[in-house]
Amino acid sequence: MEFKFSPRIRDLSNSKLFTIDKASEYPKIETILRGQINTKVIEENYEDVLRLAHSIREGAVSAFLNMGKLGSYSRQNSLATALREMGRIEKTIFILNYISDESLRRKIQRGLNKGETMNGLARAIFFGKQGELRERTIQHQFQRASALNIIINAISIWNTLHLTKAVEYQKRSDSFNEELLHHMSPLGWEHINLLGEYHFNSEKMISLDSLRPLKLS
Numbered sequence: 001m002e003f004k005f006s007p008r009i010r011d012l013s014n015s016k017l018f019t020i021d022k023a024s025e026y027p028k029i030e031t032i033l034r035g036q037i038n039t040k041v042i043e044e045n046y047e048d049v050l051r052l053a054h055s056i057r058e059g060a061v062s063a064f065l066n067m068g069k070l071g072s073y074s075r076q077n078s079l080a081t082a083l084r085e086m087g088r089i090e091k092t093i094f095i096l097n098y099i100s101d102e103s104l105r106r107k108i109q110r111g112l113n114k115g116e117t118m119n120g121l122a123r124a125i126f127f128g129k130q131g132e133l134r135e136r137t138i139q140h141q142f143q144r145a146s147a148l149n150i151i152i153n154a155i156s157i158w159n160t161l162h163l164t165k166a167v168e169y170q171k172r173s174d175s176f177n178e179e180l181l182h183h184m185s186p187l188g189w190e191h192i193n194l195l196g197e198y199h200f201n202s203e204k205m206i207s208l209d210s211l212r213p214l215k216l217s
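Using full-length UniProt numbering, the letters of the sequence shown correspond one by one to residues 1 to 217.
Don't take each hint at face value.
The calculated label-pair distances, taken between Cβ atoms and stated as ranges, are [to be verified]:
(1) L70 <-> K215: 24 to 34 Å
(2) N119 <-> S78: 37 to 47 Å
(3) G128 <-> L79: 27 to 37 Å
(4) L161 <-> N119: 19 to 29 Å
(5) G128 <-> S175: 16 to 26 Å
Simulated from the structure, these hints should not be mistaken for laboratory data.
Computed from a predicted structure; not experimentally measured.
Ideal Cβ positions, reconstructed from N, Cα and C, are used throughout, including at glycine.
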């Protein structure tokens, strides 16, 4: 699929590791190995796995719907079993890399921080009605959520344009450190007034008799 999923795993100490060979072949980590991979079922269903991956990549089928459908199958389903075994291989490799590679852990943490920043921005924008979706219909709820995404994207674009100019300016200096770019995010909002400004003119008095007429019809 040409992409890797690199999450921060909660309760890492409780994660299960698997091996293709017997656990006794790895005496140094034998105590944390929980099972052996069924390579036979992978070999028998590998062509079907490739066809499924190709269909998802080309957009012919929905990855979400297919994974949900396969997850609901019984353990006797060979394709679902093969995918589960392959997933165990990938997860085991990822966990071992995560434990041994400090730079990978930092990279994942930066990505997590950006996600949390985006959630914080959404909460800052969505302050009306105590930040709750109170629309009764799905259509109106979808419209409210879409409007929130539009505002988040607008702020992100605005910040990106200004950050790009700032980076271009800093690059003129010989002391510019490109490593700092990894810590930048276009999702900041401290400089944006999300509540507006209210001006009250005490010199301009308005009579209570000048109120708009009631709507009686």
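Hints, verified against the model:
Roughly 59 Å separates the CB atoms of L70 and K215, a value that falls outside the hinted 24 to 34 Å. Between N119 and S78 the Cβ separation comes to about 40 Å, which falls inside the hinted range of 37 to 47 Å. Between G128 and L79 the beta carbons are some 47 Å apart, a value that contradicts the proposed interval 27 to 37 Å. Checked against the hint of 19 to 29 Å, the pair L161 and N119 passes, with Cβ atoms roughly 23 Å apart.
Separated by about 45 Å at the C-beta atoms, G128 and S175 break the suggested range of 16 to 26 Å.
Of the numbered hints listed earlier, those contradicted by the structure are 1, 3, 5.
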